[in-house]
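Here are the chains, one letter per residue:
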Amino acid sequence: MSTVSEPVSLSAPRGADAGLTPKQLADKYGLSVSGARPGLFAYTKQLWARRHFIWAFATARLVAQYTDAKLGQLWQVVTPLLNCGVFYLVFGVILASKQGFPGHTYISWLCIGVFVFQFTQNAVQSGTRAISDNLGLIRALHFPRASLPIAFTVIQLQQLLISMVVLVVTVLAGGIKPGKTWLLVIPALLLQTLFNTGISLIFARIGSKTSDISQLIPFVMRAWMFLSGVMFSIQDKIQTWPHSIQTIMALNPASVYMDLLRHAFAPIIYNKHQAVHQTLPPHQWTYGIGWAIGMFVIGYVFFWKAEEEYGRG
Amino acid sequence: MADTDLIKRDAVPAVSVAREPTVVVDDVHIVYRVHGAGSGKGSATSAMSRILSRKRGAGVREVHAVKGISFTAYKGEAIGLIGSNGSGKSTMLAAIAGLLPTEKGGIYTNGQPSLLGVNAALMNELTGERNVILGCLAMGMTPAQVKERYQEIVDFSGINDKGDFISLPMRTYSSGMGARLRFSIAAAKTHDVLLIDEALATGDQAFQQRSKRRIDELRGSAGTVFLVSHDNNSIREVCERTIWIEAGELVMDGPTDEVVGRYERGERP
Numbered sequence: 001m002s003t004v005s006e007p008v009s010l011s012a013p014r015g016a017d018a019g020l021t022p023k024q025l026a027d028k029y030g031l032s033v034s035g036a037r038p039g040l041f042a043y044t045k046q047l048w049a050r051r052h053f054i055w056a057f058a059t060a061r062l063v064a065q066y067t068d069a070k071l072g073q074l075w076q077v078v079t080p081l082l083n084c085g086v087f088y089l090v091f092g093v094i095l096a097s098k099q100g101f102p103g104h105t106y107i108s109w110l111c112i113g114v115f116v117f118q119f120t121q122n123a124v125q126s127g128t129r130a131i132s133d134n135l136g137l138i139r140a141l142h143f144p145r146a147s148l149p150i151a152f153t154v155i156q157l158q159q160l161l162i163s164m165v166v167l168v169v170t171v172l173a174g175g176i177k178p179g180k181t182w183l184l185v186i187p188a189l190l191l192q193t194l195f196n197t198g199i200s201l202i203f204a205r206i207g208s209k210t211s212d213i214s215q216l217i218p219f220v221m222r223a224w225m226f227l228s229g230v231m232f233s234i235q236d237k238i239q240t241w242p243h244s245i246q247t248i249m250a251l252n253p254a255s256v257y258m259d260l261l262r263h264a265f266a267p268i269i270y271n272k273h274q275a276v277h278q279t280l281p282p283h284q285w286t287y288g289i290g291w292a293i294g295m296f297v298i299g300y301v302f303f304w305k306a307e308e309e310y311g312r313g
Numbered sequence: 001m002a003d004t005d006l007i008k009r010d011a012v013p014a015v016s017v018a019r020e021p022t023v024v025v026d027d028v029h030i031v032y033r034v035h036g037a038g039s040g041k042g043s044a045t046s047a048m049s050r051i052l053s054r055k056r057g058a059g060v061r062e063v064h065a066v067k068g069i070s071f072t073a074y075k076g077e078a079i080g081l082i083g084s085n086g087s088g089k090s091t092m093l094a095a096i097a098g099l100l101p102t103e104k105g106g107i108y109t110n111g112q113p114s115l116l117g118v119n120a121a122l123m124n125e126l127t128g129e130r131n132v133i134l135g136c137l138a139m140g141m142t143p144a145q146v147k148e149r150y151q152e153i154v155d156f157s158g159i160n161d162k163g164d165f166i167s168l169p170m171r172t173y174s175s176g177m178g179a180r181l182r183f184s185i186a187a188a189k190t191h192d193v194l195l196i197d198e199a200l201a202t203g204d205q206a207f208q209q210r211s212k213r214r215i216d217e218l219r220g221s222a223g224t225v226f227l228v229s230h231d232n233n234s235i236r237e238v239c240e241r242t243i244w245i246e247a248g249e250l251v252m253d254g255p256t257d258e259v260v261g262r263y264e265r266g267e268r269p
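Sequence lines, in order, name chains X and A. Quick note: the first sequence, position 62, residue 62 per the numbering used here, numbers continuous. Quick note: the second sequence, position 30, residue 30 per the numbering used here, numbers continuous.
Just to be clear, a hint being listed does not mean it is correct.
As the list claims (entries may be wrong) - As a list, the in silico PhoX-like pairs of lysine-lysine whose alpha-carbon atoms are at most 20 angstroms apart:
1. LYS147(A) x LYS189(A)
2. LYS189(A) x LYS75(A)
3. LYS212(A) x LYS189(A)
4. LYS67(A) x LYS104(A)
5. LYS104(A) x LYS23(X)
6. LYS189(A) x LYS28(X)
7. LYS67(A) x LYS23(X)
8. LYS45(X) x LYS305(X)
9. LYS305(X) x LYS209(X)
10. LYS75(A) x LYS212(A)
11. LYS23(X) x LYS75(A)
It should be emphasised that the hints constitute simulated quantities derived from the structure, not laboratory data. The model shown is predicted, which means the values in this text are computed figures rather than measured ones.
With the hints as constraints, model all of the structure from the sequences given.
What follows is the structure in structure tokens.
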């Protein structure tokens, strides 16, 4: 035996490996650089293997959200109802935006807009905090980090589905009868979910590096909301504006998804009522698909590019 | 080269047999960049002047935490890391786990090392039960495997020894209970390389014994275990090899008895 006072004796390669440098030794046994980012395909595979985790995480978070509240899960339904109530009071009653909508359809039109916009708004906000709020988990366990922003989008989707129940009641109460177009709600929501996942991934990466962004987000989102025509018909307001601006406004993804869902739920506003210039241009579905796929692919690649850096430092 | 080595295995004495490395740390330097250190980040005027003068990196201080450490860990080894507070032990572990970028040098590992630290909380607002399930799923187990292991994990943690605590949120746990549950979750899976940061010192006597047995099992299944601790006795009991780090530099790397003995007497080689 060699003498124990030899300080590096336990580290040095023995036998056939003797004399190899650490790098050569690592190469010989196929060791990989710790914490290196996997390829895009391998990453997707890892992410798919964590699908149960994503779902369980989202469900657990949704349930945990109201554990401190006395009314508990009832808030899932009360919160969207209150939201609609406030908007109706301000924009429907006080500012009288409902003029020009047939019957009692304004409240349905408004609620659809509010829920659809909040779906995207929440995706952006929770995406921004997806990494920074879960550093404990990130530093403790290894899993593809994209699981977190995706899980948060799933939480928003689950919340939206609860809101949808409230929405259906509101729509029916507003005197709109269910029709075949209601089936279009499903593809429209799927497209919006895909879009939200992408935008959430983008903001997750930005938010993990620059926490200042979370101070800025509320203002950006509010501006976006007013420009998207959640409470009033934006098409109506901008018809005298230059054509180029109208085109840009028509491309606004929030408006696109709102239009798709409003048309699906209440085609009556679009077909029979021209006073508020509500039309569903045929290219709206193309825009919806384009935004969904484009944003998802960009967001996914953008997030993956910094995979090895999340939770560091 | 490896093949001839395998054939000759019986003929050569044990000491000169090539061992399979699991972690190779090659002249690693780690530098922390602390933002907003020094002159006031808090004051709006200083932030404004920073933005206006476009001086990047103003108020960023560098802390050279690890300065050129090299060692190689082999299959089946349990290695203790000792040193005074702030010597760079935990930083070294985080870097091996791939959670910290290296400034210079490289860290090569077999598979993905898993870091288990007392600070690494799971989700506090969720129940222990949910945390077990989520932790296992996050480590890549299938729901069926989780179901199979669940009871084993809860029993191992001993959380339910004094009543039904597993169905309470983790924020209600004592720090010892939390650490025990986290260790139990992480230890439920066999890891190629398991990095433990002070987790053993937090449990009670019975749990410490169970953890030591589990670490032995993990080593038996061809893994490597790293243990950072200020409790020299648990290092002595678990590890046969110890690395002594001081001020980011490797002081000594050798058999535990000798290294810990010298460390306790304060004799630097």
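Quick rundown of the hints versus the structure:
no.: 1; hint: LYS147(A) x LYS189(A); verdict: holds (13 angstroms)
no.: 2; hint: LYS189(A) x LYS75(A); verdict: holds (17 angstroms)
no.: 3; hint: LYS212(A) x LYS189(A); verdict: holds (16 angstroms)
no.: 4; hint: LYS67(A) x LYS104(A); verdict: holds (9 angstroms)
no.: 5; hint: LYS104(A) x LYS23(X); verdict: holds (13 angstroms)
no.: 6; hint: LYS189(A) x LYS28(X); verdict: violated (27 angstroms)
no.: 7; hint: LYS67(A) x LYS23(X); verdict: holds (18 angstroms)
no.: 8; hint: LYS45(X) x LYS305(X); verdict: holds (16 angstroms)
no.: 9; hint: LYS305(X) x LYS209(X); verdict: holds (13 angstroms)
no.: 10; hint: LYS75(A) x LYS212(A); verdict: holds (18 angstroms)
no.: 11; hint: LYS23(X) x LYS75(A); verdict: holds (17 angstroms)
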